[in-house]
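2 protein chains.
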Amino acid sequence: MSLLIVGSVAFDAIETPFGKTDKIIGGAATYISLSANYFTKKSNLVAVVGGDFPKEYIELLRNHGVNTDGLQIKETEKTFFWSGKYHNDLNTRDTLVTELNVLGTFDPIVPSQYQSCDYLMLGNLAPKVQSTLINRLTKRPKLIVMDTMNFWMDIAMDDLKETIGMVDVLSINDEEARQLSGDYSLLKAAKKIMAMGPKTLIIKKGEHGALLFQGDQVFFSPALPLEEVFDPTGAGDTFAGGFIGYLASTDDISFENMKRAIVYGSALASCCVEKFGTENLLNLSETDIKDRVNEFVKLATFKL
Amino acid sequence: MSLLIVGSVAFDAIETPFGKTDKIIGGAATYISLSANYFTKKSNLVAVVGGDFPKEYIELLRNHGVNTDGLQIKETEKTFFWSGKYHNDLNTRDTLVTELNVLGTFDPIVPSQYQSCDYLMLGNLAPKVQSTLINRLTKRPKLIVMDTMNFWMDIAMDDLKETIGMVDVLSINDEEARQLSGDYSLLKAAKKIMAMGPKTLIIKKGEHGALLFQGDQVFFSPALPLEEVFDPTGAGDTFAGGFIGYLASTDDISFENMKRAIVYGSALASCCVEKFGTENLLNLSETDIKDRVNEFVKLATFKL
Numbered sequence: 097m098s099l100l101i102v103g104s105v106a107f108d109a110i111e112t113p114f115g116k117t118d119k120i121i122g123g124a125a126t127y128i129s130l131s132a133n134y135f136t137k138k139s140n141l142v143a144v145v146g147g148d149f150p151k152e153y154i155e156l157l158r159n160h161g162v163n164t165d166g167l168q169i170k171e172t173e174k175t176f177f178w179s180g181k182y183h184n185d186l187n188t189r190d191t192l193v194t195e196l197n198v199l200g201t202f203d204p205i206v207p208s209q210y211q212s213c214d215y216l217m218l219g220n221l222a223p224k225v226q227s228t229l230i231n232r233l234t235k236r237p238k239l240i241v242m243d244t245m246n247f248w249m250d251i252a253m254d255d256l257k258e259t260i261g262m263v264d265v266l267s268i269n270d271e272e273a274r275q276l277s278g279d280y281s282l283l284k285a286a287k288k289i290m291a292m293g294p295k296t297l298i299i300k301k302g303e304h305g306a307l308l309f310q311g312d313q314v315f316f317s318p319a320l321p322l323e324e325v326f327d328p329t330g331a332g333d334t335f336a337g338g339f340i341g342y343l344a345s346t347d348d349i350s351f352e353n354m355k356r357a358i359v360y361g362s363a364l365a366s367c368c369v370e371k372f373g374t375e376n377l378l379n380l381s382e383t384d385i386k387d388r389v390n391e392f393v394k395l396a397t398f399k400l
Numbered sequence: 097m098s099l100l101i102v103g104s105v106a107f108d109a110i111e112t113p114f115g116k117t118d119k120i121i122g123g124a125a126t127y128i129s130l131s132a133n134y135f136t137k138k139s140n141l142v143a144v145v146g147g148d149f150p151k152e153y154i155e156l157l158r159n160h161g162v163n164t165d166g167l168q169i170k171e172t173e174k175t176f177f178w179s180g181k182y183h184n185d186l187n188t189r190d191t192l193v194t195e196l197n198v199l200g201t202f203d204p205i206v207p208s209q210y211q212s213c214d215y216l217m218l219g220n221l222a223p224k225v226q227s228t229l230i231n232r233l234t235k236r237p238k239l240i241v242m243d244t245m246n247f248w249m250d251i252a253m254d255d256l257k258e259t260i261g262m263v264d265v266l267s268i269n270d271e272e273a274r275q276l277s278g279d280y281s282l283l284k285a286a287k288k289i290m291a292m293g294p295k296t297l298i299i300k301k302g303e304h305g306a307l308l309f310q311g312d313q314v315f316f317s318p319a320l321p322l323e324e325v326f327d328p329t330g331a332g333d334t335f336a337g338g339f340i341g342y343l344a345s346t347d348d349i350s351f352e353n354m355k356r357a358i359v360y361g362s363a364l365a366s367c368c369v370e371k372f373g374t375e376n377l378l379n380l381s382e383t384d385i386k387d388r389v390n391e392f393v394k395l396a397t398f399k400l
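Heads up: the sequence lines are chains R and B, in that order.
Position one of the first sequence corresponds to residue 97 (the working numbering), numbered consecutively onward.
Position one of the second sequence corresponds to residue 97 (the working numbering), numbered consecutively onward.
Please keep in mind that the hints were generated in silico from the structure rather than gathered at the bench.
Careful: at least some of the hints might be erroneous.
Note that identical chains are pooled: a pair holds if it fits in a single copy or bridges any two copies.
Stated by the list, open to error - Capping the alpha-carbon separation at 35 angstroms, the derived lysine-lysine pairs in DSBU-like fashion look like this:
1. 174 x 295
2. 170 x 399
3. 138 x 399
4. 394 x 257
5. 284 x 151
6. 287 x 116
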């Protein structure tokens, strides 16, 4: 089924204990699109870049099955730029530069040929932009998944809660779930957050895996212990892309299928962090993904 | 099969955001024994207390299937005492008091009737005491499981490594695995630690679950998301007691059975933390444990 993705397409400059990059392609929607493409060939992008964004990067997205009709190019402006430096444990990072540029005035215009989309993935953006996009759709998608972050909880909580109330699945990390709910227990936090609207909640715990909540059901997917994490940038977006890509390709939004989608998303994220930026997302084979998913099965399977 | 447990039997005074206790029964061997008792009725304790230790507490252990022939009572001395205060997140705590008392000169004497034990659990103690006990056994047990903590890494690393080299299974937490190996990646850390001797390594991650390593095999058991954690004291020991108790009762040390043992240990630990001290370990029914284990199955099960 067709998938609509909205989010940032950006320049990232990343420094980790293992090296640093110049400005490379980044942004939530980039990682989501590349990851989802391993499952669905029908993704449609709504995003904005400046005149400085290389044509080759747009070509790269197109070559990975992304319809870029909805990618606005503001020729006289500059692309969103983020630069960060990871600490030695790779779990924490300092943001060195955030230049909003074109993202500061982003108006998410939906091309008419996108209007029939079945699955909608809202990548991290100002919640007002996310809700504007939902309101511009003439038909409600079968499933709306929203990713966000603590930044919006700090500066736009009212907008954020309004948008959260409009979606089916919310994806946030454990600290964000605690901040949003005011509860330390993730089980209590999940109940409060689901009462805000989303029937389903994903709580990402980074190297500790991810929890999926729906009503009274809970599922936990571990993260794969890795020899080397090279660059965690985009892991959460890659996870989200795998999750919604798998759901869109199977067109099954049951809890059982969401469990599988969580495992596929986790598998893709574990591949992503093994190289810098989007590098490892560009050329995975079907076998690579199958093997990785089988590692998750081995890791989590026991019989009483 | 028969189980030998060595470790501290102590007084604890605990303060959490939910309340505080006077001196209550505590100590690694206490939690291990009470937890193991749900699986094996044949556990033998080697430990030491002072003359101030109430007879009722010894009776309590006996009533839970623990042979206390090896519990030394130093009438003129005082029992080991620990007091701690947990922070609001319950993941960190300050130690308020540590009075070693009888534990400072503990000589682990093994009663002759314990000599034929098949399974040995070394609860957290000075590594020299742990190795002394191993050396005093006339027959090597089928499986030796050792628990320890960062404290010994700080002050007795050589002794610790020597003892680690004598055991089959080591159980430590993630930060301790990193400290012991010097590696941040738990996969790399596990390889280095297994090269020190133990064929099997358990890395406990508290509210994030536990990893089981053996050769190239890895298994992950989640921790159950709980509404309320009341008091984390003894959770790791309860986990270890469930683990070795399950192995001793089934007398199967295959990797597949160790996976089950990890799940049973995690289930017992999740029960332990729901009340103060040992309270919730005293009266669990078979159904309680079965129900709890089934929650782990539901939490972790997915089908591709």
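Here is what the structure says about each hint:
For a Cα distance limit of 35 angstroms, the shortest separation of residue 174 from residue 295 qualifies neither inside one copy, at 38 angstroms, nor across copies, at 56 angstroms. Taking CA atoms no more than 35 angstroms apart as the test, residue 170 paired with residue 399 passes in neither setting, with 56 angstroms inside one copy and 46 angstroms between copies. For the identical chains of this complex, residue 138 and residue 399 are inter-copy neighbours only, at 26 angstroms across copies versus 38 angstroms inside a copy, given an alpha-carbon limit of 35 angstroms. Taking CA atoms no more than 35 angstroms apart as the test, residue 394 paired with residue 257 passes between copies only; the shortest distance there is 31 angstroms, against 38 angstroms inside one copy.
When the C-alpha separation of residue 284 and residue 151 is checked against a cutoff of 35 angstroms, the pair qualifies neither within a copy, at 47 angstroms, nor between copies, at 41 angstroms. Within a single copy, residue 287 and residue 116 get their C-alpha atoms only as close as 41 angstroms, which misses the 35 angstroms cut-off; across copies the closest is 28 angstroms, which meets it.
Hint compliance for this structure: hints 1, 2, 5 are not met, and every other hint is.
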